[in-house]
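Protein chains: 2
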Amino acid sequence: MLIEDRLKDLKAKIDAKVPAGIKVSEVEFEGPELVIYTDDPKKFADEADLIKILARELRKRIVVRPNILEDPEIAADKVNNVVPEDAGITDLFFDPDTGEVLIEAEKPGVVIGKNGTTLRDITKEIGWTPKVVRTPPIESSTVKQTRQYLRAVKDERKEFLRTIGRRIHRDITSKDKWLRVTTLGCCREVGRAAFLMSTPESKILIDCGEKPGNNDGYPYLYVPEIYPLNSLDAVVITHAHLDHCALVPLLYKYGYEGPVYSTPATRDLSVMLQLDYLDVVANETSKVPYSSKEVQQYLKHSITLNYGSVTDIAPDVKLTYHNAGHILGSAIAHFHVGDGLYNIAFTGDFNYAKSRLFGPATSQFPRLEAVFMESTYGGSNDMQPSRKDAEEKLYEAVNDTVNRGGKIIIPAFAVGRSQEVMLALEEGMRLEKIPKVKVYLDGMIKEATAIHTTYPEYLNPDLRKLIFQDGMNPFLADCFEQVDSSSKRGDIIGSGDPCVIITTSGMLNGGPVMEYLYGLAQDEKNMLIFVGYQADGTTGRRIQKGWKEIPLGRRETININLEIKTVDGFSGHSDRKQLMAYVNHLNPRPEKIFTIHGDEKSAIDLASSIYKRYKIETHAPRNLETYRMV
Amino acid sequence: MLIEDRLKDLKAKIDAKVPAGIKVSEVEFEGPELVIYTDDPKKFADEADLIKILARELRKRIVVRPNILEDPEIAADKVNNVVPEDAGITDLFFDPDTGEVLIEAEKPGVVIGKNGTTLRDITKEIGWTPKVVRTPPIESSTVKQTRQYLRAVKDERKEFLRTIGRRIHRDITSKDKWLRVTTLGCCREVGRAAFLMSTPESKILIDCGEKPGNNDGYPYLYVPEIYPLNSLDAVVITHAHLDHCALVPLLYKYGYEGPVYSTPATRDLSVMLQLDYLDVVANETSKVPYSSKEVQQYLKHSITLNYGSVTDIAPDVKLTYHNAGHILGSAIAHFHVGDGLYNIAFTGDFNYAKSRLFGPATSQFPRLEAVFMESTYGGSNDMQPSRKDAEEKLYEAVNDTVNRGGKIIIPAFAVGRSQEVMLALEEGMRLEKIPKVKVYLDGMIKEATAIHTTYPEYLNPDLRKLIFQDGMNPFLADCFEQVDSSSKRGDIIGSGDPCVIITTSGMLNGGPVMEYLYGLAQDEKNMLIFVGYQADGTTGRRIQKGWKEIPLGRRETININLEIKTVDGFSGHSDRKQLMAYVNHLNPRPEKIFTIHGDEKSAIDLASSIYKRYKIETHAPRNLETYRMV
Ligand SMILES: [Zn+2]
Ligand SMILES: [Zn+2]
Ligand SMILES: [Zn+2]
Ligand SMILES: [Zn+2]
Ligand SMILES: [Zn+2]
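Chains as they are written, first to last, in the UniProt record's numbering: chain Z, 1 to 630; chain R, 1 to 630.
Treat the hints as calculated values from the structure; they're not laboratory data. Treat the hints with care, since some could be wrong.
Pairs of lysine-lysine, DSS-like flavour, derived with a Cα cap of 25 Å [to be verified]: (1) R/615 <-> Z/601; (2) Z/175 <-> R/287; (3) R/612 <-> Z/615; (4) R/287 <-> Z/177; (5) R/114 <-> R/131; (6) Z/124 <-> Z/11; (7) R/177 <-> Z/177; (8) Z/287 <-> R/177; (9) Z/615 <-> R/615; (10) Z/211 <-> R/211; (11) R/253 <-> Z/592; (12) Z/175 <-> R/211; (13) Z/612 <-> R/615; (14) Z/601 <-> R/592; (15) R/612 <-> Z/592; (16) Z/612 <-> R/612; (17) R/177 <-> Z/601; (18) R/175 <-> Z/253; (19) Z/592 <-> R/601; (20) Z/615 <-> R/253; (21) R/211 <-> R/114; (22) R/253 <-> Z/175; (23) R/175 <-> Z/287.
Throw the hints in and build the complete structure from the sequences for me.
Quick look at the structure:
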């Protein structure tokens, strides 16, 4: 069927469902959404369940857009009238091309109202379609710039979304039915995640990361399977860590022009981390894989999806994201392929334990035949202490150091572990398990934390309740203080007060942590606490192994006199026990499991243990293989 | 290194080895060969081992070509003087572009002389490089036309071979080292053989066949791995059966312009079978996959290799063919990849039992890490009677029928089984185990037999001895008589004499066999003997199952009164026992075995039995998978 006929068809079905008096003038695909244009947006808004019914019947994501738009100035007044003042509206942006008004508010829930009533009231008043985003309670320059950029390129984006929408909804032409997955990286190793899923109709790339600390750190992007890059229907990112998304902008440099799907939080975090990655690479080598221009390309082509939203991303593929419990916005990507042909999930990195920030990864799926799961801690001895034990150990270390008047440096990766440690410290002080001292946040940690406060929907229910119902946002607690400058660092180092400093880089390869180390390492009252894995060859690993002198630049060395501690258990990954429990709880039980994202031993060990314990067919694939799923 | 520099390098090395007084003017790649141009071809020929030494040192196949050429007429006289008369020269063709003279003779061995002395004498006399081919003792129109066509396009071919030669010897550019095999057909099924072997440098397609009796009978040629088709470095055919080579000409239609490697016998047989395939398909459907023009394209781009000749076919791949014992020219394709990186063999179809025509398949290789082996009879119960038992049963049936004055119809596939049955019958008569009656050959069988007589080098030593030393070519025995016309068929049917008729098609789906059946099926004195597998849905299968009436066209039916017998054991495939024995005797023992070319049960059964018995890693791959070898 021609796409025009398909749209006519859809319009006829919508006309039949819409009550008399509401006129649908046009329907059009925009990205994965079906947009209904109407002269009567207010009447549409009156029919509370109409959109839901249409979405279910047509199996499409539906957006209603008015034809005639109220004057923005008058409309703005009306919005401010309808929305209760405590919503804290900070910005209104009217886009005549989409008929949407973007409402930025401190409390988006108040703008939406119970069951969306306030939102519908807005539509009825002004005709414009309201979209609500949160005003970051801590200002995030990433979020701000991302939103500004997307506004600036809105015309291009609209064009792009129409093109993609029509591509997604093209006819299925092949009579063959098969599904294959090609491993382009991250097999029997950690890093450079990249998996190509292909059917006779479509090709989807899942993740496109780098391998940290490795010169050969790219996935096998040169094999013919993914060429031309523009034959890809979609790139799907599981989460923002660089081993999963660092090289997404590179795809645009090589000619990709299609969409990149992710959760909204993943989009913002990955832009932040990619830009930082470019700085780090530029410092280390002269060869930068791409520039910030390609990061913008990525942003321009990004399409965000929330957990649980079933979305057409190719004629024969539906994508649904589910919570992965690993970092903010991290997702298990579940694909429904063909009309009931096959269901496959890529876990990305996941945590099956509840953490301070996130709930455990989803193990329940409507259907599931195959799983590609991470196996970072897949070895039979890869057990981690419980979060509780880890926190006790952390509290003890803080108490010891503060009691002797020392300062604590916690080097940490900006996204994930830092926030876990922050919340543990905040609660420790609140419940008086540790003394109230300043917790300084330096490096990208403050920016990452700002992004966390922008997307509290992605946090676990306990934390959401604390923030929304109890009005207590622990990220905004008094103990935390941002550090922006070298002079402030000097003040902190020079002050006599005990404190905690959480700062990047997590493995002491550059970053502000080096300044703190330089200033504080000589004094044995102070303490350095490792909360994350220290890779071979890093300064962190050397200190962990007991080196007493660390070279700093060409001439200087730092003498390491401060106390060194390692506190395991803050990891965002499932340990061996949790990985096995996850498989056990998977519902429905899959037919096949592929263990990836683990070193050779861990991946093989996990695969064989799962097979032995649960009699599920398992593989520990190698890179550059193709598995036929069906 | 630029190819020009590489050639300069080679020339310097050759100059250093060549004795004073011999001038090398130029060296050039032509296909897989290195051609040395010289003013002194006669002196070159004096140095008996010089070419062998150069070949070994440079690890190249070497051809010497003179710069100045004797007048063809004078040269022809000289050739006829040097070569003993009993060589039976039937044609001389002088090609000034290559400096070669093609000598067609009834006894090529006599032209070559002991250890090539006569051949060297020719070179010394005339300067032209002699190439010797056999005059087919039974005239084969395929061989004749093939040779004529190749002469007609010799300029184009020379150009093509230079291009390919330079491509084969291009520099290796990638620092990655890996080897993958992608299954494009023939996995857990019989038919549509097609395997893509790829490295960072090169891509090679092994076989490209159809699946008989199937509308979906093509390999998965539409997947991105093999595109653009011109990125393939080579197509390598194991043997001429249509399930291995029917769709090679299609590759040219889709844009392939590279070489197709095969043995000389496979080239001629496959051209014959492809042209016949086009006729059969045209009769059955209106959609013909390609035309005879593409068969010519294939022929123009074909490069033939004999067993045992180690040949560069890509910068990092050497191909060596070994006897497969299956049909004339059938080969196991052995690939040496990288400089000692990996060795992999594709058996194609093979027979590990000695048959009347061929020796058992080679099981000895210089190196071997992986094998893709056929598993047609890989099931644990797939035992075949011995050839001896099969022949006894055939003799008994012939005796019974002849004694009662009846005629015997043996439907058979043109290539392989027909000739086995012919030789069994000829010996039966010679040793007086069966009465001397006429054996009529109809359909493509006579043409196929003619090609067999053109390439007796491919027959087993016993048969070669019979032909060359005892002067007794059983294919030329008096009992055999070709049938060319419907009227002759009428005579045979109408005559009162007992006889044997071997004719196509092998499964009674059309072909001259239908005329014989129409004329002879009513009489219960006659006998129909099946010597090959009858697929479901064929007339052959129906008769085997006991149908008494067979529709012929729309109105007529044939009443089946003649006796029906099935004689198993003439198969060109190894049975289960031989497959296992083959694995046991493989030397060196491979690390991995992939069972292909068998139905699902057989492939899996063989794979698991090999693993259990010999502890070799095995896989029964599916279509569309990619396996990483190294
Ligand atoms: Zn991660
Ligand atoms: Zn990861
Ligand atoms: Zn496997
Ligand atoms: Zn065969
Ligand atoms: Zn075959």
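A quick look at each hint next to the structure:
no.: 1; hint: R/615 <-> Z/601; in the structure: holds, 21 Å
no.: 2; hint: Z/175 <-> R/287; in the structure: holds, 18 Å
no.: 3; hint: R/612 <-> Z/615; in the structure: holds, 20 Å
no.: 4; hint: R/287 <-> Z/177; in the structure: holds, 23 Å
no.: 5; hint: R/114 <-> R/131; in the structure: holds, 16 Å
no.: 6; hint: Z/124 <-> Z/11; in the structure: holds, 23 Å
no.: 7; hint: R/177 <-> Z/177; in the structure: violated, 33 Å
no.: 8; hint: Z/287 <-> R/177; in the structure: holds, 23 Å
no.: 9; hint: Z/615 <-> R/615; in the structure: holds, 22 Å
no.: 10; hint: Z/211 <-> R/211; in the structure: violated, 43 Å
no.: 11; hint: R/253 <-> Z/592; in the structure: violated, 40 Å
no.: 12; hint: Z/175 <-> R/211; in the structure: holds, 17 Å
no.: 13; hint: Z/612 <-> R/615; in the structure: holds, 20 Å
no.: 14; hint: Z/601 <-> R/592; in the structure: holds, 21 Å
no.: 15; hint: R/612 <-> Z/592; in the structure: holds, 23 Å
no.: 16; hint: Z/612 <-> R/612; in the structure: holds, 19 Å
no.: 17; hint: R/177 <-> Z/601; in the structure: holds, 22 Å
no.: 18; hint: R/175 <-> Z/253; in the structure: holds, 23 Å
no.: 19; hint: Z/592 <-> R/601; in the structure: holds, 20 Å
no.: 20; hint: Z/615 <-> R/253; in the structure: violated, 48 Å
no.: 21; hint: R/211 <-> R/114; in the structure: violated, 45 Å
no.: 22; hint: R/253 <-> Z/175; in the structure: holds, 23 Å
no.: 23; hint: R/175 <-> Z/287; in the structure: holds, 18 Å
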